[in-house]
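Trainee: So the chains spell out like this:
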Amino acid sequence: MIWQIELIILMIVIVLAIGALAVKDLLSAAVLFGAYSFMMCLLWAIMGAVDVAFTEASVGAGVSTVLFVAAVFRTSRRTKD
Amino acid sequence: MDELLTILIARINYWVYIILMMIGMYGIIVKKNLMKKIIGMSILQTAVILFYVSIGAKKNATIPIIEHGHDTGHATAVQAAHFINPLPHVLMLTAIVVAVATLGVALALAIKIYKQYNTLEEDELIEILKE
Chain E
1 MIWQIELIIL
11 MIVIVLAIGA
21 LAVKDLLSAA
31 VLFGAYSFMM
41 CLLWAIMGAV
51 DVAFTEASVG
61 AGVSTVLFVA
71 AVFRTSRRTK
81 D
Chain B
1 MDELLTILIA
11 RINYWVYIIL
21 MMIGMYGIIV
31 KKNLMKKIIG
41 MSILQTAVIL
51 FYVSIGAKKN
61 ATIPIIEHGH
71 DTGHATAVQA
81 AHFINPLPHV
91 LMLTAIVVAV
101 ATLGVALALA
111 IKIYKQYNTL
121 EEDELIEILK
131 E
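From first to last, the protein sequence lines stand for chains E and B. Quick note, the first sequence lines up with residues 1 to 81 if you use our numbering. Quick note, the second sequence lines up with residues 1 to 131 if you use our numbering.
None of these hints come from the bench; they were simulated from the model. Any given hint could turn out to be false.
Stated by the list, open to error - Here are the computed distance ranges between Cβ atoms for each label pair:
#1 Ala101/B with Gln4/E: 33 to 41 angstroms
#2 Phe73/E with Ala101/B: 19 to 27 angstroms
#3 Tyr117/B with Asp25/E: 18 to 26 angstroms
#4 Ala81/B with Gly62/E: 34 to 42 angstroms
#5 Val48/B with Leu7/E: 37 to 45 angstroms
#6 Thr102/B with Leu7/E: 26 to 34 angstroms
#7 Leu129/B with Val15/E: 17 to 25 angstroms
#8 Asp25/E with Lys58/B: 22 to 30 angstroms
#9 Asp25/E with Ile9/B: 15 to 23 angstroms
A virtual CB, placed ideally from N, CA and C, is assigned to each residue, including glycine.
Chain E with its partners taken away, still in its complex shape (with noise of 0.2 angstroms):
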């Protein structure tokens, strides 16, 4: 666990997390998700569960990301807030 690192990617985390909902387009929010989710799975790959953070990679980033722009295509892109 190096711990500088760590710091980084937590840092990096908020601030996706705080993207993803504060950005008024929905197609930029599913992507700055799946970034999202793409630092998580770094984070427990550093801590040492591996088999999370592929999982993490695979379901949690790749097939979440690929349906909220599947979803954001079939519904609007536009949102109030």
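We have chain E; now place chain B onto it with these hints.
Mentor: Relative to chain E, chain B alone:
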């Protein structure tokens, strides 16, 4: 002051877990768009997973695999302090799969709602339902 800083640095995972959980909660409660609510729910779920994985993490420990443990022919003594606790990881594997299933159901419901009412904003939906 120095002790406080030490506690803050040593338990940084738990502080970030609380912050992420509150961000997710904010997304669920305050945001009016249904998609944003679903993103907030997913952030909340990953925050809980972060908490559980942080419980299992240890300093100066390696991943829970015994090297050459299968071909020595005799049992080897293992120091538990040298290995990360794998029990929370196994629990969280299930939680990730449940999270993506919940996400799929929520997105399917959002698409159905959009087809029926042609909007995803919560306040507009309430207005339509009141009429």
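Trainee: Indicate, hint by hint, whether the structure satisfies it.
Mentor: To see whether the hints hold, each was checked on the structure:
The hinted window of 33 to 41 angstroms between Ala101/B and Gln4/E holds, with their beta carbons roughly 36 angstroms apart. At about 21 angstroms, the beta-carbon gap between Phe73/E and Ala101/B stays in the expected band of 19 to 27 angstroms. Judged by the Cβ atoms, the range 18 to 26 angstroms given for Tyr117/B and Asp25/E holds: they are separated by roughly 21 angstroms. With their beta carbons about 35 angstroms apart, Ala81/B and Gly62/E fall inside the hinted range of 34 to 42 angstroms.
Range check, Val48/B to Leu7/E: Cβ separation about 21 angstroms, and the 37 to 45 angstroms hint is violated. Evaluation of the 26 to 34 angstroms hint for Thr102/B and Leu7/E yields a pass: the beta carbon distance comes to about 30 angstroms. The hint said 17 to 25 angstroms for the Cβ distance between Leu129/B and Val15/E, and at roughly 37 angstroms that hint is violated. Range check, Asp25/E to Lys58/B: Cβ separation about 42 angstroms, and the 22 to 30 angstroms hint is violated.
Hint check: Asp25/E to Ile9/B, Cβ distance near 36 angstroms, so the stated range 15 to 23 angstroms is violated.
Against the hints set out earlier in the document, violations occur for numbers 5, 7, 8, 9.
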